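*Asks:* Here is how the chains run, residue by residue.
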Amino acid sequence: MTAIPLGVPRRLVEFTLDGQDARVLEGSTLLDACRTAGKDVPTLCEGDTLTPKNACRVCVVEVEGARTLAPACSRRAEPGMVVRTDTERARHSRKVVLELLASSVDLSTTPAVAGWIKEYEAKPDRFGPDAARVDEEPRIDNDLYVRDYGKCILCYKCVDACGEQWQNTFAISVSGRGFDARISVEQDAPLTDSACVYCGNCIEVCPTGALSFRSEFDMRAAGTWDQARQTETTTVCAYCGVGCNLTLHVQDNEIVKVSSPHDNPVTHGNLCIKGRFGYQHVQNRD
Amino acid sequence: MRKRQPKTYTRLTHPLVRDSRDAPFRRATWDEALDRTARGLAAARGAFGMFSCARATNEMNYVAQKFARVVMGTHNVDSCNRTCHAPSVAGLSAAFGSGGGTSSYEEVEHTDVIVMWGSNARFAHPIFFQHVLRGIRSGARMYAVDPRRTATAEWAESWLGPNVGTDIPMAHAIGREIIHAGLVNEAFVGRATTGYEEYRALVEPWTLSLAEKVTGVPAAAVRDLAHAYARAERAQLCWTLGITEHHNGTDNVRALINLSLLTGHVGRYGSGLQPLRGQNNVQGGGDMGAIPNRLPGFQDVLDPGVRLKFETAWDTVVQPHHGLTLTEMFEAMDDGSLRAVYCIGENPAQSEADGEQAVRRLRALDFLVVQDIFLTKTAELADVVLPATAGWAETEGTTTNSERRVQRVRRAVPPPGEAREDVDILCDLAARLGHDWKYADAEAVWNELRSLSPDHHGMTYARLEEHQGIQWPCPSTEELEPTYLHGRLWQADPARRGPRAPFGIVRHDPPVDLTDEEYPIRLTTGRRLDSYNTGVQSGSYSSPLRRGESVELCPEDAERYGVVVGEEVRVTSRRGSVVAPVWVDTALRPGLAFMSFHFPDEVDTNQLTIEANCPIAGTAEFKASAIRIEKVSTGGPALR
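Chain order of the listed sequences is A and B. With the working numbering applied, the first sequence covers 1141 to 1426. With the working numbering applied, the second sequence covers 95 to 734.
Next up, chain B with everything else stripped away, as it sits in the complex (with noise of 0.2 angstroms):
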């Protein structure tokens, strides 16, 4: 029998270092553990990456992209946010020019329909949950697509179960039956949006019992949904990793922003798209420019007016085209072309798809810094560990949630030993390499960004204080903006209206880790409710929901396979296998097990998950993989 006690983790004291990639880790000092760093760094000048942390604070991620543009010279800076919510910004940039979510967590409570779209909100966005429970006793519709009957559905006026990967054919088909049924907000499409007609003849054969071919969910139900949305006074529509973990992800959230352009669910209070985060500063990583394409403001890097501010304001040059994502860094480092990275707060050794792939490749570099607030499995493989403070707890400055709120986060309790403030410490980095950059502390890093951000111009500390939070744009010192973005799409006036939403014109393209005989079951994977991502966090407190880490399976396929409950079984796909003990759960259906990736000290899931990536915006799609299981012959059921 197993002891499935997740691994606690300690909080880093002091700087670690190697003298040879053989060698064990020794304590160090600031001083040595930061001319190591430098001397890496500045030897893999031009071959450099910045893996910039989304649950650090904005203050740290402007001074973290600073670094890589200003003192390396290069756009390779990226976060996690490339394995979550990269379509998300990416398709609603496509479509609106801005990457956030167009309404607030309020409105949800004073809206008609709410559609949540591959997203189990009620396990994994507890708190935003309370406000759509809000919506649904003041009346609101609730609608929830998703493979799995989560506890989301269980609230659901209607529960739509597309086979793993059918989103953009459950789209189209809603489209189709809204057009046919003429339902559309002519006004709206005539006005405020572009290809209307390629639309039209794109989603043409995606007829009802088309879809219910493909999605497997019954035709009646998606009509249902789609006059239900339609027909709305006001609608939200909601989504999470279901939608953006994907080959495909950024069409598929093309695809339902289509849905909001075609019915003028956007724009207004009320109706409008959330795409809901998953991690605390997701939102403002890429806001803060921790993204190889854009400019702190999440100005684009391209347009050579912005650049010329950055160029003044740093005095630096900056590059006329992009950096590379975190998915092409990893490339990178196969060919050679990524020699050093510099790792803050992320644990890409057991995050990233395909996770024996990503080992090697980080053990391939000439050198590897990694900042963090505990050994994880990535600073296990580095040449120097930076002992950092936790952004939550022990740092000030500020944070974006999903609804664009910048909020304050303040220290609470010091940081324990020698660990460090990120800012500080990339400070203390740049000095080494030649940029004495100054500052008192994260408001002033905060007033620069300011400066350069229009959208966050009006957010003094003051303010943000006094408004427990501000959601950009926030342009002006004295007012605040309405709470949804794109209201211009709605004005009369064809100046005041800006550039037109284009519809998206996405094609289905089923997931490519294909089921097959040999690999017969759709692997799917998601959050729990008590855990957090790799475990790291959330694996200290001790709570009584927390069974570790299983491979569910609906009864009937426990059945089929003649497996209990607590058994161990091999689960294969075509790039790795573990042994994980099964769950049943009902909410499941024959040909589809889910995993979570919480406890990879256990069952590493993620040797399972295919690394084929989104193109446009690079997330792997952890949502579709082909496994198998197997009995483990020895010894027969474990005891547990």
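Same shape as in the complex, but just chain A (with noise of 0.2 angstroms):
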């Protein structure tokens, strides 16, 4: 009879947190850590259910005896560690990320960004008017989703997500070099022709809002967007047996945008075209 696979049993790691002592299970990384000292280090491309990718490095925190700044998503907990999460260059750091980030692209709807620039004092606007800045035009060509690339940081969670992560699908890659590199469909060809099969489990984990439910985009253009008005109901889709969760964005008595839980044991997050956007028929009430 074959064992149930229980895993290496984890040890605890104790290390040095902002002068604290930290116990945190093996494996657990500093962002872990500090989220579970109720620490705020700011997050972009950390998904928790994406490995991370290093990309933004908004989170990054000081280790003693290193020699560059360590990523928090990434960087895993050793014994004896000393790590500090608010040192003059670690704030340094992610002030300079914001102020990249936010002078280049539009992070109007990425949640929480506001907040940071404030705290660490970031000025977007001191590389002048001329700054250089994606400005894309949002990029609307189905009636399921928009791909709006102005509010994109390159983060490559969608990537991730429609690659070898989760969907296996590929449709999401990288075009360009350099300062030309964009997030886009395989040969920058139209969506329409590519291999997405609209499981919109990409905008799932983009942390910005460039890529959104086109409902939701047509409502923020016109204004009724107003999340403080919406729920978030729990519920289980009714498209097949398998039985993924699906979180229902409400507002106004109308199902605007669906989620999944990112720990639900069925879909981890994910779900597929019928899931995500096949809820008009139930709000078909003329």
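The set of hints was computed from the structure by calculation and includes no laboratory data. In this text, all values refer to a predicted model and were calculated from it rather than measured experimentally. Please note: incorrect hints may appear among the correct ones.
Taking beta-carbon pairs under 10 angstroms as the criterion, some of the chain B residues facing chain A (in silico) [what the hints assert, rightly or not]: (1) ALA218; (2) PRO220; (3) ALA484; (4) VAL507; (5) LEU527; (6) SER625.
Glycine included, C-beta positions come from ideal geometry on N, C-alpha and C.
Hints in hand, dock the two standalone chains.
*Replies:* Written out as structure tokens, the structure is:
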């Protein structure tokens, strides 16, 4: 009889975090430790269902004895480490990252970023009106979701979610190199000619709202999107027997968006086209 | 040029009645509609059938079957699980005494060999397939067995494309190869199974070369699959409707189960059998007793102890025999022994095989009440239409998924107009027929079920919330059971091992609808990624992938018939004929065509399918019809 794999027993790792003793399970990241200790370390490219990409560098912390700052999202805690999250150097680095990102892309729909800009006294406009910006027109080429790369910080989360980490469809990739690098579909073709299966698992992980439901995009354009008035209710999808959990975002009795809990054992935050977008029939009320 | 816009349905917001069969519907109050329904049903006592709903909650299914059994005094209650996975339930319960899949999704990620048989999970169960992909990325080898080289097969180590309806020869050849290669798990077979000798004799003629002749799959590929499956430390055998939607669906399921018995790939973590269910609560509907042979908790109607328990709890007499299946109910409409039907959330007028016959039979009823969220084609035939809530978004309750996980569904939006919850409507009708049931809410229904079903006893709403769903069996309110079933088969102590699992002695029986010179093409049916069943739900959102219904042919056949993509052709079977545009798909091969049934208002595919039913489970042979393709001569190819 085969045993159930329990994994190697995990020890506790003890280290020093901002002068306090910290104990976390072996394998935990510094970010996990910070969150356990209730510290607010900003993150953008980090995703709870994805392997850290270390792309945005906004979560950097200082590790004593290390030459460079360490991204908290991927650096694992080690015994005896001395970590400081709030040093001048770390704060300055975060500030510059926020300034560079906010001066080049539209972060207006990025949750929590306005607070960080204030906290770190970042001044995105200090580069002047001629600062290089991505400034792309939103790509509206289907009725389900919109790609507004003017908001894209190139965090690669959508590439990973569409690729080998979850969906394995590989519709999303990077085109161009260096400053011209952009998230796009293969060969920068129209989305409707790509391998895209419209599962929306890229929207689920997008940290800035560059990828959004068409319904959200249209409501924002019309000025009617109001998150404060929305409720979120988790239920079960009705489209097949797999039993995916859906979180229905409802505003004024209309479903306006669908997500899935990232810690759900069935979905891990992923859905298919029907679960993500196939809700309209319940509200064909005329 | 025909515009192929799928029909969109708008929600029903108030009850509808008609004064005679020829009269149009008119709006009615709930009181009038329910009074009429109560009269219609009371007049047909003894000739009544309930079509319960595999998309509604467990709570609704529990109350619906209770309505049939207590108010109407009949076991004639069934649902559309009959048209999909009833053979899986029948096959699994014949072997193991329990009708659920034996493994969990998570186990697919920790297994060594995955066999996807008659299942295009990549399209039909995309999130289950993500678990498969994680398994493949962790080193599992996947084998796809499907007449079509599907999107699922793209991820396979090896694709085996048998001729439609030759699954038993394939399974038997695999079994024989395992036996002859000395790869039988003799300890398991000896301790936990019965009928091995008979099975060995049964499969002995199915040599690899005979299998190659019958299935069209190279002998080496069959041998490779047999060895991979038998040698694996852990293996998962998953199937979908490619196995069950045949006139001998239960036999197909038994043939697959035999392989797991032969190799001991059942009852262990990572080793098991997974039928992938097609609807959100097709597992739960059966678990709740909305089937004619089982009471809630999948407890046998024929067991006097079980009946006594329910008779006491419900203060009624529970009939000591099985009721009619959905299929038998349709047949009983012909001889007049079934005269009234209460149809909840089903659309048999479009989902049954041989759709024209189904409509004719429904029209012949004395009384038909349909409870739905839309005015479906079935509802259009009704005497009374009752507007219900959408189970998954407007109702509190639970559903049970393919891995037996009971999960909470919650009300996120209010129902439109006067639409009411199924449970409320059923209770209101029960009261009019003399049974005063009081349920404060869905949880009260669930707690009544928990008190009667040992498998669900431990699942309080609070625990379901805490654990994000719990898999049955869950007899204890304190503990959780393993994620897999039938670990008992591995117990050393015979008493704890329980009843042995019998090998299924099943024989090859080719599809009923034979291909010949007049009907040379084998038509098989299935789902596409972005659409669902008869399209009533999925037709309302705008999918960039959707291109409407078409008859899909392989490039060779398209050339042979001189047809091109988009050209409309006449597709004719022995039962009916439809016009559909051509699509060319390299996943097919000469002599094999594919259609879905997602757009019945454009192309009614089920005019073509055959109502040749599995005698055990009642499922029709949707997967195998014989057709011919003819050019539509008028006007040449249509432009699209």
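*Asks:* Please go over all the hints and tell whether each is borne out by the structure.
*Replies:* Here's how the hints hold up against the structure:
1. ALA218: With Cβ-Cβ at 7 angstroms, under 10 angstroms, it holds.
2. PRO220: Holds: closest Cβ of chain A sits about 4 angstroms from PRO220 (chain B), inside 10 angstroms.
3. ALA484: With a minimum Cβ separation of about 4 angstroms from chain A (threshold 10 angstroms), the hint on ALA484 (chain B) holds.
4. VAL507: holds, 6 angstroms
5. LEU527: Violated, about 30 angstroms.
6. SER625: holds, 8 angstroms
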